[in-house]
Structures are given as structure tokens and as C-alpha cells.
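Asks: Protein chains in written order, with the working numbering: chain A, 5 to 301; chain B, 94 to 403; chain C, 1061 to 1444.
In short, the hints are calculated from the structure, not lab data. Glycine is no exception: its CB is placed at the ideal position from the N, C-alpha and C atoms. Where hints are given, some of them may not hold.
To be verified - Only some residues are given here: those of chain C computed to face chain B with a beta carbon under 8 Å:
id, residue
1, 1093
2, 1094
3, 1143
4, 1145
5, 1146
6, 1152
7, 1156
8, 1160
9, 1166
10, 1229
11, 1232
Unchecked claim - Quick partial rundown of chain B residues pointing at chain C, CB under 7 Å, derived from the structure:
id, residue
12, 185
13, 303
14, 316
As the list claims (entries may be wrong) - Here are the simulated lysine-lysine pairs, DSSO-like style, with alpha carbons at most 30 Å apart:
id, chain 1, residue 1, chain 2, residue 2
15, C, 1099, C, 1186
16, C, 1186, C, 1153
17, B, 259, B, 168
18, C, 1180, C, 1153
19, B, 259, A, 156
20, A, 128, C, 1208
21, A, 192, A, 128
22, C, 1208, C, 1180
23, A, 129, C, 1099
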Amino acid sequence: MSGQALRAVGQGHGQLGHDELGQPRMRLAMRPGAWLTWGVLAFFFINLLGVIATVVLDSAGRQWFNTWLPTGWTGSWYSEAWSEFNLGQVLIATLEITLAVVAVSLVIATPASYALARRSFPGKKALSILFALPILVPPIAYGIPLATVLYKFHLAGSLTGVILANLVPSIPFVVFTMTPFIEQIDPKIEQAARVCGAGTMTVLTRVLAPLLVPGLLAAGILVLVRTFGMFELTFLTSGPTSQTLIVALFSAVNSAGIRTSQSIDAMAVLYTATMAVLLVITLRFVNPTQLIARTSD
Amino acid sequence: MTAVAAGPQAPAPDPGTVRGRVALTHQLAERGVDRVLLLAVPGVLALVALFCYPFLYGLQLSFQPAHGGVLGAYKAFFSDPFARKSIWQTFALAIPASLINVGASVPISYRMRREFRGKRLLLAVLVVPITLGTVLTAEGILEFYGPAGWFNRTLHLLGLSSSPVKLTMNYTGVLLSLVISGFPFAYLLIHSYLSGIHPSMEKAAATLGADWWRRFRYVTLPLLAPGLMTTFCLTFVMTFAVFPSALMVGDPDGSTHVISIEAYEAALQRFDYAQGCADAMIMTALMLAVIVAVTALRSRLYTGATGGKG
Amino acid sequence: MTTGSLPGTAPPVQRPRSQLRELELRGVSRAYGAHLALKPFDLTVRGGEFVALLGPSGCGKTTALNCLAGLLPLTGGEIRLDGRRVDTLPPEKRGFGMVFQNYALFPHLTVRANVAFGLKMRRLGKAEIRDRVEAVLRLVRLTEHAAKHPGQLSGGQQQRVAIARAIVVQPPLVLMDEPLSNLDAALRLEMRSEIRRIHQEFGLTTIYVTHDQEEALSLADRLVVLRDGEVSQVGTPAELYEHPVSPYVAAFMGYRNMLSLTAMSGDTAAGRGLSVTGTPGGGPVAAGQPVTVAIRPEDLHVAGDGEPGGGAGTAGTAAPAAVVGEAVAEVVEYHGRTLHVEAVTAEGDRLHLRTSRPVHPGDALRVAAAPERALIFPGDGSAP
């Protein structure tokens, strides 16, 4: 495995002496390290696979108790979960919330990231900290006061309240995702457009917007994925009609134990499948490392 | 004098006023203050309304508990041994989990820093745990590592243990869930920091006589250190806020009664908003203290460009 | 060893003795899959020599250098240093110095620590490291910048740190990969003489990769011209300048006029309204064969009125110049005492020439060249 990895090393990347040619001494020397690396990763992936597979199998098994595999298979848990947890309504709410958060955060945050990328001004550092804080402070910590405020304004429990709460981490996230995209657009392009007689609106719509499409796409998808998976804020601010899938899932687990673990697992699989579809779409547009964070450093 | 000129009904401004205005806008523009900054206003207003105001409101609320005076809620937190212990329990989970995640990521990503076939696939697979969501991870951990789960069955089959090892509904369960969801996060971040270090750095070190260990020790590690600190901070934020998994695979009334559970229970189960907000403030303060400490440490390191020219 | 030293070639100037007697490359090659980036390559470098590998990007010169440094494994062949085989050693065991194109200075270390790095890796004593670093910093004139970080230095200063770092370990061989390509023109000239000075003062053996023929001609004792991973010609600057073996090398050496003509005899060619008397450059030429005639702009001049040859611009040329053909001046640039003229023949060929006479755009010119300055190569210029 490692040998193949080494052989695939491309041009311009020196191998620093660990090559496959007539250097058995070097190769032996690097073996334990390579094996350990692959071993740790393999162990991690086996555990990960086990965790996922047990849930998937359980959701499709008739009964599973103290055996390697469930006894008998059924798809009934899925239909049961669908009706029992009112998943149709939950999915619609989830869709409304995530799309609204994506749209609003893009509209609000893109101009801000433009200002931050293009200008250096007194107080820029303070502004950057303001944008970084919602990413750094745990959602639970600001979620509780936020929920209190939303209760005060009678917004808690409504779709609006959930959308507002989810905007808090999404706006900074868009700002930090978009800033590098904007920075790499040469300001001279805008100046050239102005010299050619384009007004501010024309510059925005004809010059900047097309160049920003990849960035907007990346930021939008990333916010979508994060909002879909955001548990704490939605949990703290949602009501019965404004739950997203992940909150409904958690409530199902935590409410009284009348439900079988299988139907919860079925729901969890549905959640993960949706997330996986989103992920596949995401990976077509963005680099995996971007999915994690583009925070200030 | 600018006030006079600013009025829309102002008569033809005298030359001095005009010059004053021009000079002011010029001065401001010189420092980067111009109309472009207005673009940041909606974002700032949104965050002020949805983040700063609630936060300050919560802070203010935390000083108005039902009883016990201004600092009553904080006194209540620190005088209750069960609540006080949640601080220790949060750190006991967050620090080992962050160290494991960052510590395992460094050697693995160092070994995989070069291009090889299937690397993109590997990175994509590493993103999977992020999509799992807390509930599936929790359910999976309960079933996979549970007494009758595959993990214990395998241990039994291999003769490594005679009776099932208890890995869930306790500290270990939460730690496992933090590693499963946090390791890919840390790995991907460190991977991107590492690929930001120009390959010629290590080549140069090699031609100067450094073997792989000393190349890592004297060149790559110092260049990676700021990134490691940032990754540690972000991983720590994630693990510090551990909430759903502490409830589901942990022992929320015992060894994994972390501070976020304490805050949640106060605010949304006992409906004691003042206490809940006070807990949230304590949590924020602790977190920021750690971040400030790590950032201070980081600022003492080299934090410039990592390769290329210079 | 017995083979390397050439009897009778005393070093031209008094310089420190090089530690290396001979570096030998035998059949060194490098393939990426089916693509041969470097075809089997032989070269012997003597101690104290300055050898330049010259060629356009993608010709394999950097590959060759990386193979030498040990940063790329060889696919075939061997490298011997004074008879000792080194191609199986990892880069850190070869002990060569290398100057990278982007300098590859360690950004987190000061200039002093950057330079000391190689000595530290060799586990030398603190006092010795200090002394040697100070000495080499003095040599590259960076003593007052020793405490700075690379990011605080200018391009030329960074360049000198990179050189200092490579030579402080007193390597038997110094490898330089386009070290001047990131500098601006004026600085490049200055650093060029600086590199040559350091090479001589330190008694280095240097292999230098560049795509700039001027740089190579002015720096190197010997040039290796590469093309598509293959050696086109090896020789001293004078040899390559006067006697390129192919149109490719000629083009690289500044032969700007490349005329595709037909051979009339062994040393004459004609076609497209031109006729040239020249010297066969790369092997015999038969009449009727397509040929490429290569002439430098400075060897092509305006023929005097009525004179068949021996124009004013060819002072020092022994053979009389022969009229090549007629052309109309199109672009005239003033360069000090001479004019650079671009003229177009009736057939549309562009001729580049120099003259000291007043010429204006639109003037009809008779263009002449001395026969030994016009090189005739078999094959038309379009084929590789």
C-alpha cells in the first residue's frame, strides 16, 4: 500500500531519498512508521464503519439481541418512523429553515466580507473579532441567552426564531469563506471596469458577481450543510412545528422510552443519507478541508 | 462647519466649507474609511442584534437571580459541588479529546502530505463523520461498543476479555464520540496547514544534511506550530461545548455532567433563566480564557509565511 | 584518482583548491512512467569548474539537478564523486549544497540560524559554527542583517543568504537552480558577478541551471545545452558561441536570423530572393538539400554602395562579406552607437541586423554577412 503511494509521487515532489529503487535499507527504515500510520487510520475507519453499520443494520433488522447479525430483515421501521415522527412535516421545516438561512446569510455577509477583504481601516481588527466570536463561543453558551431574548420577543418556537438563531454562526462563516475568494480577485479588474465606464451597479453585477459565483456556491453549500447539522441552536430555540430533522431525532431519543431503537435508527439513517447527498454535492464544489472551517487565524 | 454643509437645504457652500469636507473625506479615505465600509453594516447590525445584544442581555439577566443578590446565580453555581464539578468534568473530557485528535493528526498527515492515488477519496471519507450527526454517532456508539455490540464480541472472540468491557454510558463513551467526530476535523485542518508549507523547505533541509526526524523537528514542526495551536483551539471549542453526546452516550448525572448540561438544565428544565445565563457566561469565560492563553502562546511563535519566497 | 585531472591545464587564476577532483555522471536518466524526462546523460565535471545546464523550461535541466541532489531518484545510470558512488545516498548524506529557485529559506529562522542550519545538522561545536557563519556572512556581505528573518530582506539579500547557507558547509559540489530568475534585471546582473566571485573565492565546484543564455555564457566555464531531456551540445562558451552544432543551439546562442534556404553547394545556399555564402555548421551539406542558415544580428550588416564585401561594420572580420540580399528597413531602434534594424525582404522574411549608418524606416538596404559568420545546417529550420 505504501509502496504504491510512494510510486505515485508526482513530478516536482522530491522523495527525499525514500525511493523504490535499489534502496532496500531506506525502505525498511520507513516501514514501521508507515505501517503504524496506516494501522491507526485503518483502526479508526473500522470503528467508524462499525458504528455506521450497526445503526444501518439495526434499522433494517426485525430483532437484534446478543447475536452478530439481526434476526430477520424488514423495512417497516422506516415507514413507522416516517409516520410516527411526522417526518414529512419535519423535512419541510428543515428545508425552509436551511434555505432561508443560506439566502439571508449570503445576502448579508457577502458585502461585509467584501469590505473586510478590500479595505484596511481603523477598527478592522475589532470587526474581525466580532465576526470570529460566534464561531469561537460554544453555541450552547450564546444559545441560552439568545433563546431567552427570543422568548421575550415571542419569536422562540417559530420558524423565524430558528432562522434568526442559525444566522448567528452562518454570517461569520460566510464572511470567512468568502474573504479569500474576494481577495484573490485583483482590485485592478474593478478599476479597469470603472475606467471603461462601468458604474457601481454594473461593476457589481457584470464584473464581480460572475467572478464570485464559485465563492458564493461554496459558502452557500457549506452554510447549508452546517445549518442542517446544527443541533444546539435549533434545539434551544425551536418549538414543535419548527424542529429540524436533527432536533426531532434527538427529541425522539430523549423522550420517554416507548419507541424502539430501530425506528430511531431508521430516522438517523434517513438523516445521514440526506446529509451524505448534500456532502456529495458539496465535494463537487469545495475542497474537503474547506468544509471544516475558514476561521480567522 | 461640516454640519452646515451636510444639510440638504444649505445654500451654496462657501469655499472653506467645501475644502473642509473634501479634506475630511480624503483623510478618512486615506485611512481606508469610505463608502465601501457601508457594505459591512448589515452584517454588523445582524450580529449586534442577534449575538451581542442577547449576550449582554443574558449577562445582565445573570445578575438578577430570583434570590441571592446580584451575584446570587454565580454564588449558587460555585457553592453547589455538583455544578462546580462540571467545570472539571468538561475539561477532563475536552483536553484529552483535543490532544488525542490533534496529536494523532500530526504524524498521520505528515506521512500523507504528498500526493498519492486515492488521497482525495481518503479526505472525502474523513468528512463522513461530520455528516453523521450527533444522534447517529451516539446510537452507533451505544450499539457498536455496547455490551453485546460488535466491538465487545470481537474482543471476546479474540480472547482479549472474558466479560464485556463497559465503554458506553460513561466517560469513555463520550470520549469515543468526541474522537470519532473530532479527529477528521483536526486531521483535515492540519492537513491543509501542512500542505501550506512549501515542499522546498524540507528539500532544502535535506540537502543541508537533515534526516527525516530533524527535518520534521527543526523545519516542519516550527512552521506547523501556529496551525497546530489554531487547530487545538477550534477542536477545543468543539469538545468543550459537548452536549448531545454527553447526554446520550455518557452519564449525564455523573461522570459526564459537563457544564453545558448544567446550563441547559438550569435554563430549559428548571426555567431559571438567570441561573442558565450565569452558567453560560461562566462557560464562555472559561472557553475564552483557554483561547486567549493558547493565542498568547501562539503569538510568541513564528507566524509568518510558510514557504515560497522568504 | 587517476582519470580526472587534465595534465597541463593549470588553473588560470590562483584560487583555493576544490575539495572535489571529479564528478562523473554515467547514463543518468529519469523517467516519469513512459515519459523520459531525462535521457541517459553523461557528464564529467572537474573540481573547481563552473558548469551551466542551459535550456528552455521542460528540457530536463531541473530534473537533472534534482537527480544530482538526491531529491529525485534516478531511473538509470550512476553518479560518482571521486570514484565513490553517491546516487544511492539520500540527499542528506550527499553533502552537496543547493540553492533553490525560490531560495527556500526557513522563514522561522534568522539569517544566522538559516546559515548555521547545515553546520548544526553536522553536529559541529558551537564556537566553530559561529566562526564559520560569521566568515561566510562576511563573504556575502550580510553581517549586519544576521539577526533578521528572511521576510525582512530584499530579494537580492535573500538570494545571498541562500548561497551562504549552501556554501557554509563547504560542500564538494554546489547546485544552483535558476537562482536569479526571481530578481529584477539590474539585481540579476549584480548577483551574477557576485555568484562568480563567490565561486572563485571559495574554490567551489558549481552546477548551475538556467534558461538564460547570457547568464550561462557569462558565468560558466562549460555549458551543457539540453533539449527535450537530451544533451544537444557540451562546450566552453566560446565553442558554443562560435560553433553551435545545430540550429537549436544556434538559436539559443543568439543567432536570430534563421533562414530556410536550399543548398547550392557545400557552402552556399539560396532561395526566397536571398543567397548566402557560409560555413557548414553541423556536418556536410549536399546541393539541393534544404538547409537552415543561421546568422547573428551583429554579423549581418548593411553592405557599402557598390562594394561586394568588406563593409565598415565588419572590422576585425578576415573574410570579405558577401551580399545576402535586399530588404526594406521596417523597425529601427537606436542603441547607443549602433542601430538595431529589422528589415523585411520582398519574400516576407524578417532580417535582424546592426548598423552604425543612419538608416530610416522604409529605406531599401543591401544586407551582407561574412561567410564564416553564416552557419549552414542541414534540414529546414521548422523541423526540430
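Asks: Each of the hints needs a verdict: does it hold here or not?
Replies: A quick look at each hint next to the structure:
Look at residue 1093 (chain C): its Cβ only gets to about 13 Å from chain B, farther than 8 Å, so that hint breaks. At its closest, the beta carbon of residue 1094 (chain C) sits 17 Å from a beta carbon of chain B; the interface hint therefore is violated under the 8 Å criterion. Interface restraint check for residue 1143 (chain C): the shortest CB-CB distance to chain B comes to about 22 Å, outside 8 Å, so the restraint is violated. The closest approach between the C-beta of residue 1145 (chain C) and any C-beta of chain B is roughly 18 Å, which is over the 8 Å cut-off, so the hint fails.
Evaluation of the residue 1146 (chain C) hint against chain B yields a violated restraint, the C-beta minimum of about 13 Å exceeding 8 Å. At about 5 Å, the closest approach between the beta carbon of residue 1152 (chain C) and any beta carbon in chain B falls short of 8 Å, and the interface hint on this residue holds. Nearest Cβ of chain B to the Cβ of residue 1156 (chain C): about 6 Å, under the 8 Å cut. The hint holds. Annotation: interface hint on residue 1160 (chain C) holds; nearest CB of chain B at approximately 5 Å, less than 8 Å.
Hint status for residue 1166 (chain C) relative to chain B: holds, with the closest Cβ pair at about 6 Å, below 8 Å. With 8 Å as the threshold, the beta carbon of residue 1229 (chain C) comes within range of chain B, its nearest partner Cβ sitting at about 7 Å, so the hint holds. At about 13 Å, the closest approach between the beta carbon of residue 1232 (chain C) and any beta carbon in chain B exceeds 8 Å, and the interface hint on this residue is violated. For the restraint placing residue 185 (chain B) at the interface with chain C, the shortest Cβ-Cβ distance is roughly 34 Å, beyond the 7 Å limit, so the hint is violated.
Satisfaction of the interface hint for residue 303 (chain B) is found here, the shortest Cβ-Cβ separation to chain C being roughly 5 Å, below the 7 Å cut-off. A least Cβ separation of about 6 Å between residue 316 (chain B) and chain C falls short of the 7 Å threshold, and the interface hint therefore holds. Restraint check for residue 1099 (chain C) and residue 1186 (chain C): not satisfied, since their Cα atoms lie roughly 45 Å apart, outside the 30 Å limit. Our distance criterion of 30 Å between C-alpha atoms is met by residue 1186 (chain C) and residue 1153 (chain C), whose separation comes to about 22 Å.
The hinted pair formed by residue 259 (chain B) and residue 168 (chain B) fails the criterion: a straight-line CA distance of about 36 Å is larger than 30 Å. For the proposed pair residue 1180 (chain C) and residue 1153 (chain C), the alpha carbon gap of about 14 Å is at most 30 Å, so the pair holds. Between residue 259 (chain B) and residue 156 (chain A) the alpha-carbon distance is near 44 Å, which puts this suggested pair outside the 30 Å criterion. A distance of roughly 29 Å separates the Cα atoms of residue 128 (chain A) and residue 1208 (chain C); the hinted pair therefore holds under the 30 Å criterion.
Restraint check for residue 192 (chain A) and residue 128 (chain A): satisfied, since their Cα atoms lie roughly 22 Å apart, inside the 30 Å limit. The suggested pairing of residue 1208 (chain C) with residue 1180 (chain C) holds, with an alpha-carbon distance near 19 Å, which does not exceed 30 Å. A hinted pair counts as satisfied when its Cα atoms are at most 30 Å apart, and residue 129 (chain A) with residue 1099 (chain C) does not qualify at roughly 56 Å.
Taken one by one, the earlier hints fail for this structure at numbers 1, 2, 3, 4, 5, 11, 12, 15, 17, 19 and 23, listed in ascending order.
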